[in-house]
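S.K.: Could you put the whole structure together from the sequences, leaning on the hints where they help?
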Amino acid sequence: GQQVMQIPQYQHVQEGEDFTTYCNSSTTLSNIQWYKQRPGGHPVFLIQLVKSGEVKKQKRLTFQFGEAKKNSSLHITATQTTDVGTYFCAGPPTSGTYKYIFGTGTRLKVLA
Amino acid sequence: KAGVTQTPRYLIKTRGQQVTLSCSPISGHRSVSWYQQTPGQGLQFLFEYFSETQRNKGNFPGRFSGRQFSNSRSEMNVSTLELGDSALYLCASSPGQLYNEQFFGPGTRLTVL
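As given, the protein sequences belong to chains Z and E, one line each in that order. Counting from 1, one number per residue, gives the positions in the first sequence under my numbering. Counting from 1, one number per residue, gives the positions in the second sequence under my numbering.
Hints in this document: simulated from the structure, not taken from any laboratory. Any given hint might turn out to be false.
Pairs of lysine to aspartate or glutamate, DMTMM-like flavour, derived with a Cα cap of 20 Å [as the list claims (entries may be wrong)]:
hint, chain 1, residue 1, chain 2, residue 2
1, Z, LYS99, E, GLU75
2, Z, LYS59, Z, GLU17
3, Z, LYS51, Z, GLU67
4, Z, LYS56, E, GLU75
Counterexamples of contact, computed for chain Z against chain E with all Cβ distances above 10 Å [claimed, not checked]:
hint, residue
5, PRO8
6, HIS12
7, GLU15
8, SER26
9, THR28
10, GLN33
11, LYS56
12, LYS59
13, LEU61
14, GLY66
15, THR77
Beta-carbon label-pair distances, calculated as ranges [claimed, not checked]:
hint, chain 1, residue 1, chain 2, residue 2, range
16, Z, GLY16, E, PHE69, 45 to 51 Å
17, Z, ASP18, E, SER86, 21 to 27 Å
18, E, THR14, Z, VAL55, 29 to 35 Å
19, E, THR38, Z, VAL84, 39 to 45 Å
From the three backbone atoms N, C-alpha and C, an ideal C-beta is built for every residue, glycine too.
M.R.: See the structure below:
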């Protein structure tokens, strides 16, 4: 079945350092969504990418969707303590199903 | 707009019992998806309902079932509970078209003793 892996699993950074998490799917994705889950909270939608090679920015966050639509990345510039949480990517297979497969997640800790 | 609500928030059951969890989506949303979140397996898709019909199903045993009502509220049921069913159960609502973002509820924390 479809698998979506994320690396790294954990990342500790000093406040102000940059952070990147990578998402790799075993199958082509029709689109990819990114979510953030704070400790003790629930996933919150960040962004969606649909087009091959697409790049989107939200303030300090930059999202990329690979050319082959099998991988994606989230880069945070100059991390802040508010960035703490687990970042998940999620996507359905290209067949257009409404079934979203979530990545394994990257837990980010930011040290002040 | 009110967010997604889930009841109860916490639940303790014993092995062999059954449990029913409830999810009320955002007003106007017709799709409700259910996920199981555990430290070991992460976020796993259970099923998705749209207009009272199960549209997609994950790889869970038949002990896990769900339904959706005409007002889009959804319930999921787990019968013959096992210790491994202890998890955070999250529901997410969306308008129901392709490429819609999902809005998650706070979840129900189920502990099976």
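S.K.: Next step is simple, just say for each hint if it's right about the structure.
M.R.: Going down the list of hints, with the structure as the test:
1. Z:LYS99 x E:GLU75: With a Cα-Cα distance of about 18 Å, the restraint between LYS99 of chain Z and GLU75 of chain E holds, given a limit of 20 Å.
2. Z:LYS59 x Z:GLU17: 15 Å, holds
3. Z:LYS51 x Z:GLU67: At roughly 8 Å apart (the allowed maximum being 20 Å), GLU67 of chain Z and LYS51 of chain Z satisfy the hint.
4. Z:LYS56 x E:GLU75: 36 Å, violated
5. PRO8: 15 Å, holds
6. HIS12: With a cut-off of 10 Å, HIS12 of chain Z remains clear of chain E, as the shortest Cβ separation is near 18 Å.
7. GLU15: At about 26 Å from chain E, GLU15 of chain Z clears the 10 Å cut-off, so the statement holds.
8. SER26: 15 Å, holds
9. THR28: 15 Å, holds
10. GLN33: At roughly 7 Å from the nearest Cβ of chain E, GLN33 of chain Z sits no farther out than 10 Å, so the non-interface label is violated.
11. LYS56: 13 Å, holds
12. LYS59: 18 Å, holds
13. LEU61: 15 Å, holds
14. GLY66: Label holds. Min Cβ-Cβ 17 Å, cutoff 10 Å.
15. THR77: The assertion about THR77 of chain Z holds, with a minimum of 23 Å to chain E.
16. Z:GLY16 x E:PHE69: 45 to 51 Å: 50 Å, holds
17. Z:ASP18 x E:SER86: 21 to 27 Å: At roughly 37 Å between Cβ atoms, SER86 of chain E and ASP18 of chain Z fall outside 21 to 27 Å, so the hint is violated.
18. E:THR14 x Z:VAL55: 29 to 35 Å: 51 Å, violated
19. E:THR38 x Z:VAL84: 39 to 45 Å: The hint (39 to 45 Å, Cβ to Cβ) is violated, given that THR38 of chain E and VAL84 of chain Z are roughly 21 Å apart.
In summary, the structure is inconsistent with hints 4, 10, 17, 18 and 19 from the numbered list given earlier, while agreeing with the others.
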